Amino acid sequence: MTQEFQKQMFNFLEKKGIKNFIGVPDSTLKNFIKEGIRKKKIIIATREEEAIGISAGMLLADSKSLVFMQNAGFANSLSTITSLIQLYQFPLIFLIGWRGYKKNDAPEHTKIGKIQPELLKSLKLKSKIVNHQNWEKNCEWALTENKLGNSCALIIPREFVD
Amino acid sequence: MIRKEAIEVCLGEIKNKPIISANGFISRDLFNVKDKKTNFYMIGSMGLASSIGLGIALKKPRKKIFVFDGDGNILMNLGSLATIGKTKPKNLIHIIFDNSIHESTGSQPTGSDLIPIEKIAKASNYQYIFKISTRMEILKILKKIKKIPGPILILIKIDKGNSIGDRISRTPKNIKEEFMKNI
Numbered sequence: 001m002t003q004e005f006q007k008q009m010f011n012f013l014e015k016k017g018i019k020n021f022i023g024v025p026d027s028t029l030k031n032f033i034k035e036g037i038r039k040k041k042i043i044i045a046t047r048e049e050e051a052i053g054i055s056a057g058m059l060l061a062d063s064k065s066l067v068f069m070q071n072a073g074f075a076n077s078l079s080t081i082t083s084l085i086q087l088y089q090f091p092l093i094f095l096i097g098w099r100g101y102k103k104n105d106a107p108e109h110t111k112i113g114k115i116q117p118e119l120l121k122s123l124k125l126k127s128k129i130v131n132h133q134n135w136e137k138n139c140e141w142a143l144t145e146n147k148l149g150n151s152c153a154l155i156i157p158r159e160f161v162d
Numbered sequence: 163m164i165r166k167e168a169i170e171v172c173l174g175e176i177k178n179k180p181i182i183s184a185n186g187f188i189s190r191d192l193f194n195v196k197d198k199k200t201n202f203y204m205i206g207s208m209g210l211a212s213s214i215g216l217g218i219a220l221k222k223p224r225k226k227i228f229v230f231d232g233d234g235n236i237l238m239n240l241g242s243l244a245t246i247g248k249t250k251p252k253n254l255i256h257i258i259f260d261n262s263i264h265e266s267t268g269s270q271p272t273g274s275d276l277i278p279i280e281k282i283a284k285a286s287n288y289q290y291i292f293k294i295s296t297r298m299e300i301l302k303i304l305k306k307i308k309k310i311p312g313p314i315l316i317l318i319k320i321d322k323g324n325s326i327g328d329r330i331s332r333t334p335k336n337i338k339e340e341f342m343k344n345i
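So the sequence lines, in the order shown, correspond to chains A and B.
Residue numbers for the first sequence follow the numbering used here, so the first one is 1 and each next one is one higher.
Residue numbers for the second sequence follow the numbering used here, so the first one is 163 and each next one is one higher.
Simulated from the structure, these hints should not be mistaken for laboratory data.
It is possible that part of the hints are untrue.
Short, incomplete list of chain A residues facing chain B, as computed with Cβ under 8 Å [as the list claims (entries may be wrong)]:
| hint | residue |
| --- | --- |
| 1 | GLU35 |
| 2 | LYS39 |
| 3 | ILE43 |
| 4 | ALA45 |
| 5 | THR46 |
| 6 | GLU50 |
| 7 | GLY53 |
| 8 | LEU60 |
| 9 | SER63 |
| 10 | TYR88 |
| 11 | PRO117 |
| 12 | GLU118 |
Being a predicted model, the structure only gives us computed values, none of them experimental.
Even glycine gets a Cβ: it sits at the ideal position worked out from N, Cα and C.
Put together the whole structure using the sequences plus the hints.
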């Protein structure tokens, strides 16, 4: 199963100095989250904006952070991203599970999923699409952006419909 | 006692310790009462002051971290009480200035006169909860909390009414950088 790379991805990011993983669960990201929970490194927030707030606090304490969420939760968070993360220039890594990537995904995901690339573009938030082949290269890219003080996003599309 | 007066009394005890202040008049009042490098003025992202405070408190467990919140702000992010309750930061002091209105946007009612926020915090595992309204009580409680573990909620009932001070003149980037250097 190609989604197994998410476990390696978690361990890679942790080894490279990401200390905090905060977010709201998403089935597309479940292997990433499962590994983080196993290692007791995950904080589950009640909402995506809350997760972003907690991570901003951790960044204020100079501790590197990643937030994870579904694209629908990302869309909920637009104003927090502009008025907190981008306004204060917090270097935060977003990991986003992308529902509605496949046209035949569940109906509640199709409309918001379709505009996901446009949302990223409107925010001017740099992003990369991650899969089992390119994950290491794209994690390195995110870590470099992070070191430069930029926020950025890694997107994992939902490749299957169950 | 209006919010600005309550903030003045608090600052007399809190002195130079880190404060995360909610957007709107709370941050503006804090800026006008005592601007300092350990103030993080959250000028946007309404509701998230307690979440930011939680993140700092978890990573700086030896430092007492104060959040200056409002009733409208916390009602917008009630989930934060649950997350604070489950992560149990001993060093987090959550102060809510409660006037039951959204004063910054024209004094619309929040409903906190009908819904007891302190009871929600209690059910969310806050270790100590104080509901107070006078200067003497603020001074007494801020002395007391030096010796007890958090998370602590101090709900200060304040009067409606505002003395509009200057807007925060520092840039967000400067607020962040000075805060990080000085906590």
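Grab the minimum C-beta distance from A/GLU118 to chain B and call the hint holds if it beats 8 Å, violated otherwise.
violated (22 Å)
Please verify that hint: A/GLU35, Cβ, nearest Cβ of chain B, below 8 Å or not.
Violated. Min distance 20 Å.
Residue hint A/GLU50, partner chain B, criterion CB-CB below 8 Å
It holds, given that the least Cβ distance between A/GLU50 and chain B is near 5 Å, below 8 Å.
For the restraint on A/ALA45, tell me whether the closest CB of chain B is nearer than 8 Å.
With a minimum Cβ separation of about 6 Å from chain B (threshold 8 Å), the hint on A/ALA45 holds.
Return the status of the interface hint for A/LYS39: holds when the least beta-carbon distance to chain B is below 8 Å, violated otherwise.
violated (16 Å)
At a threshold of 8 Å, is the proposed contact between A/ILE43 and chain B supported by beta-carbon distances?
Hint on A/ILE43: holds, closest Cβ of chain B at ~7 Å, below 8 Å.
Just to be careful: measuring from the Cβ of A/THR46 to every Cβ in chain B, is the smallest value less than 8 Å?
holds (3 Å)
With 8 Å as the cut and Cβ atoms as the points, is A/TYR88 at the interface with chain B?
At about 5 Å, which falls below the 8 Å cut-off, the nearest Cβ of chain B leaves the hint on A/TYR88 intact, so it holds.
Take the shortest C-beta to C-beta distance between A/LEU60 and chain B; is it under 8 Å?
It holds, given that the least Cβ distance between A/LEU60 and chain B is near 5 Å, below 8 Å.
Against chain B, with CB atoms and a cut of 8 Å, does the hint on A/PRO117 hold up?
violated (24 Å)
Quick check on A/SER63 please, does its C-beta sit within 8 Å of some C-beta on chain B?
A/SER63 check passes; min Cβ-Cβ to chain B is 5 Å, inside 8 Å.
Just to be careful: measuring from the Cβ of A/GLY53 to every Cβ in chain B, is the smallest value less than 8 Å?
holds (3 Å)
Taken one by one, the earlier hints fail for this structure at numbers 1, 2, 11 and 12, listed in ascending order.
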